[in-house]
Amino acid sequence: MAKHQTPLLDQLETGPWPSFVSDIKQEAAHRAANPDGVDYQIPVDCPSDLLGVLELSFKDKETHWKHGGIVGVFGYGGGVIGRYCDQPEMFPGVAHFHTVRLAQPSGKYYTADYLRGIMDIWDLRGSGLTNMHGSTGDIVLLGTTTPQLEEIFFDVTHKMNTDLGGSGGNLRTPADCLGQSRCEFACYDTQDLCHTLTNDYQDELHRPAFPYKFKFKFDGCPNGCVASIARSDFSVIGTWKSDIRIDQDRVKAYVAGEFKPGGGSHAGRDWGKFDIVKEVVDRCPTGCMSYDGAKLSIDNANCTRCMHCINTMPAAVKIGEETGASILLGAKAPILDGAQMSSLLVPFVVVEKPYDEIKEVIENIWDWWMEEGKNRERVGETMKRLSFQKLLEVTNIKAMPQHVKEPRSNPYIFFKEEEVPGGFEHDEAAYRQRHMR
Amino acid sequence: MATVEYKGKTFEVDEDGFLQKFEDWTLEWVDYVKDSEGIKELTPEHNKVIEFLQDYYKKNGIAPMVRILSKVTGFKLKHIYELFPSGPGKGACKMAGLPKPTGCV
Numbered sequence: 001m002a003k004h005q006t007p008l009l010d011q012l013e014t015g016p017w018p019s020f021v022s023d024i025k026q027e028a029a030h031r032a033a034n035p036d037g038v039d040y041q042i043p044v045d046c047p048s049d050l051l052g053v054l055e056l057s058f059k060d061k062e063t064h065w066k067h068g069g070i071v072g073v074f075g076y077g078g079g080v081i082g083r084y085c086d087q088p089e090m091f092p093g094v095a096h097f098h099t100v101r102l103a104q105p106s107g108k109y110y111t112a113d114y115l116r117g118i119m120d121i122w123d124l125r126g127s128g129l130t131n132m133h134g135s136t137g138d139i140v141l142l143g144t145t146t147p148q149l150e151e152i153f154f155d156v157t158h159k160m161n162t163d164l165g166g167s168g169g170n171l172r173t174p175a176d177c178l179g180q181s182r183c184e185f186a187c188y189d190t191q192d193l194c195h196t197l198t199n200d201y202q203d204e205l206h207r208p209a210f211p212y213k214f215k216f217k218f219d220g221c222p223n224g225c226v227a228s229i230a231r232s233d234f235s236v237i238g239t240w241k242s243d244i245r246i247d248q249d250r251v252k253a254y255v256a257g258e259f260k261p262g263g264g265s266h267a268g269r270d271w272g273k274f275d276i277v278k279e280v281v282d283r284c285p286t287g288c289m290s291y292d293g294a295k296l297s298i299d300n301a302n303c304t305r306c307m308h309c310i311n312t313m314p315a316a317v318k319i320g321e322e323t324g325a326s327i328l329l330g331a332k333a334p335i336l337d338g339a340q341m342s343s344l345l346v347p348f349v350v351v352e353k354p355y356d357e358i359k360e361v362i363e364n365i366w367d368w369w370m371e372e373g374k375n376r377e378r379v380g381e382t383m384k385r386l387s388f389q390k391l392l393e394v395t396n397i398k399a400m401p402q403h404v405k406e407p408r409s410n411p412y413i414f415f416k417e418e419e420v421p422g423g424f425e426h427d428e429a430a431y432r433q434r435h436m437r
Numbered sequence: 001m002a003t004v005e006y007k008g009k010t011f012e013v014d015e016d017g018f019l020q021k022f023e024d025w026t027l028e029w030v031d032y033v034k035d036s037e038g039i040k041e042l043t044p045e046h047n048k049v050i051e052f053l054q055d056y057y058k059k060n061g062i063a064p065m066v067r068i069l070s071k072v073t074g075f076k077l078k079h080i081y082e083l084f085p086s087g088p089g090k091g092a093c094k095m096a097g098l099p100k101p102t103g104c105v
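So the protein sequences, as listed, match chains A and B.
Just so we're aligned, residue 1 is where the first sequence starts under UniProt numbering, counting upward by one.
Just so we're aligned, residue 1 is where the second sequence starts under UniProt numbering, counting upward by one.
FYI, nobody ran anything at the bench for these hints, they're computed from the structure.
A portion of the hints provided could be inaccurate.
[Claimed, not checked] Below are the DSS-like pairs computed for lysine-lysine, each with C-alpha atoms no more than 30 Å apart in a straight line:
| id | chain 1 | residue 1 | chain 2 | residue 2 |
| --- | --- | --- | --- | --- |
| 1 | B | K9 | A | K374 |
| 2 | B | K48 | A | K159 |
| 3 | B | K78 | A | K359 |
[Stated by the list, open to error] Distance windows between CB atoms, simulated:
| id | chain 1 | residue 1 | chain 2 | residue 2 | range |
| --- | --- | --- | --- | --- | --- |
| 4 | A | S57 | B | N60 | 43 to 53 Å |
| 5 | B | K71 | A | M160 | 29 to 39 Å |
| 6 | A | D200 | B | N60 | 52 to 62 Å |
| 7 | B | T3 | A | K405 | 51 to 61 Å |
| 8 | B | K9 | A | L115 | 42 to 52 Å |
| 9 | B | G8 | A | E393 | 56 to 66 Å |
| 10 | A | F58 | B | K71 | 31 to 41 Å |
| 11 | B | S36 | A | D113 | 48 to 58 Å |
| 12 | A | S19 | B | K21 | 56 to 66 Å |
[Unchecked claim] Away from chain A, derived, C-beta distances all over 12 Å, residues of chain B:
| id | residue |
| --- | --- |
| 13 | K9 |
| 14 | D14 |
| 15 | V30 |
| 16 | E37 |
| 17 | K59 |
| 18 | V66 |
| 19 | S70 |
What you are looking at is a predicted structure, and each value in this text was computed from that prediction instead of being measured.
All C-beta atoms in this analysis are idealised placements derived from N, C-alpha and C, irrespective of residue type, glycine included.
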């Protein structure tokens with residue numbers, strides 16, 4: 001028998017998708033039965049009360065979580081988010097319901113042993129509920145009490161060799177795609193870069209000193225499996241400089257039906273014979289491809305790395321050999337200002353240990369943003385407020401056509417006199433005599 | 001609302017142990033909070049941080065950004081964490097009697 005009646009939540013279970021309500025109910029039943037004899041350190045009916053408080057929120061159309069809460073572990077300013085219920089007497093199991101963030105492994109590779117280890121700690125000291133993974137990419141442990149925090153911190157660091165993630169105005173837990181470990185499209189070793197920068201920027205990760213959050217994400221190629229361009233302040237996206245490699249014999253094999261397009265991903269129904277012109281050439285956003293019935297040609301100078309031809313015919317068309325990454329800055333979700341995507345800052349950088357070139361860009365941005373950024377202003381907003389030119393200046397990057405969104409239709413970029421060979425003279429007073437404001 | 005009694009004084013605190021009223025702050029409060037924030041002995045450096053936080057709060061009605069705290073006191077962030085192990089937001093602001101800094105999820 002459930003502790004609270006939850007008719008509104010129950011409706012969420014009737015949809016075609018897996019339901020978090022069913023998951024929480026399952027955990028509530030498991031904790032009540034306690035088949036493993038766990039000596040629970042927080043209230044046993046924490047998951048039941050979580051359902052109860054959510055049902056009440058649905059009924060009242062108001063949240064019953066208080067705003068804010070400051071809890072943490074010694075030495076760190078982030079990683080734990082305080083959460084308190086404003087109806088603690090009705091729902092004592094979630095009076096405290098703090099979230100703990102843990103750094104996930106690069107590429108999210110786990111062993112079953114590791115996951116069991118994390119869950120043994122979390123069943124004992126928390127609600128047993130997790131969010132794998134949060135939008136930032138980290139392991140999110142949902143719901144524990146203040147006295148358990150130091151214990152959890154000790155256990156995850158000593159037993160699991162795992163550190164807390166980021167929260168507050170700091171570097172958030174960096175995230176990457178699985179990169180070259182599994183993927184032929186990856187243009188650099190995302191896992192190594194992600195892991196190295198996580199280790200190098202421990203201070204920034206654990207001790208908040210930024211105006212607001214700052215996220216790194218590393219995509220191995222423009223397919224963007226971690227969506228860095230949309231979700232991270234500092235997006236690193238794999239790219240290549242040299243020509244796309246084409247194996248003409250294999251192109252013919254695709255046309256003849258010997259290879260399945262898209263790696264056989266459209267196997268569910270019969271889409272008819274593969275039509276290379278319709279499905280690849282005509283789909284090219286810049287129209288830089290042609291197929292004359294025997295040979296596939298690509299005008300590489302006009303390729304924008306959309307990945308469609310490579311995704312459709314991976315056996316025949318491959319990324320260029322000279323690989324590296326592009327760095328983009330400033331994506332964010334809407335808070336102060338609307339949502340925005342990252343803007344291209346460094347068109348091409350060779351990604352090689354010890355990554356000094358990338359770190360220089362990062363640190364220049366941080367120095368500038370920490371000095372100029374307002375409280376709760378993402379770097380993308382600082383960039384918009386103070387201009388992209390200012391960003392180029394502080395990062396010592398020269399303006400180039402790639403920085404202009406549509407260089408062919410909008411070629412304008414402001415240059416200072418000293419940036420133009422020979423300079424130029426401008427007499428504002430004389431100009432205004434001829435041109436009214 | 002929870003209350004704390006210490007050396008003859010009574011303090012109203014929230015669930016994170018922050019003072020409800022800035023005016024309630026006294027030296028006894030600092031002494032009371034010290035242990036739970038992992039501070040063994042109070043030094044002039046602790047007082048410098050506390051005094052600055054209080055000054056800033058009286059003038060501006062909010063806690064300063066970490067960067068400003070660091071700049072004015074001349075203490076690097078790492079040193080502030082050595083002084084206040086639970087950090088400037090939790091430890092130092094709590095000791096100085098400032099209200100809880102707003103959510104930083």
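How the hints compare with the structure:
no.: 1; hint: K9/B - K374/A; result: 39 Å, violated
no.: 2; hint: K48/B - K159/A; result: 39 Å, violated
no.: 3; hint: K78/B - K359/A; result: 21 Å, holds
no.: 4; hint: S57/A - N60/B: 43 to 53 Å; result: 34 Å, violated
no.: 5; hint: K71/B - M160/A: 29 to 39 Å; result: 37 Å, holds
no.: 6; hint: D200/A - N60/B: 52 to 62 Å; result: 35 Å, violated
no.: 7; hint: T3/B - K405/A: 51 to 61 Å; result: 59 Å, holds
no.: 8; hint: K9/B - L115/A: 42 to 52 Å; result: 49 Å, holds
no.: 9; hint: G8/B - E393/A: 56 to 66 Å; result: 59 Å, holds
no.: 10; hint: F58/A - K71/B: 31 to 41 Å; result: 46 Å, violated
no.: 11; hint: S36/B - D113/A: 48 to 58 Å; result: 36 Å, violated
no.: 12; hint: S19/A - K21/B: 56 to 66 Å; result: 45 Å, violated
no.: 13; hint: K9; result: 23 Å, holds
no.: 14; hint: D14; result: 9 Å, violated
no.: 15; hint: V30; result: 18 Å, holds
no.: 16; hint: E37; result: 9 Å, violated
no.: 17; hint: K59; result: 16 Å, holds
no.: 18; hint: V66; result: 5 Å, violated
no.: 19; hint: S70; result: 7 Å, violated
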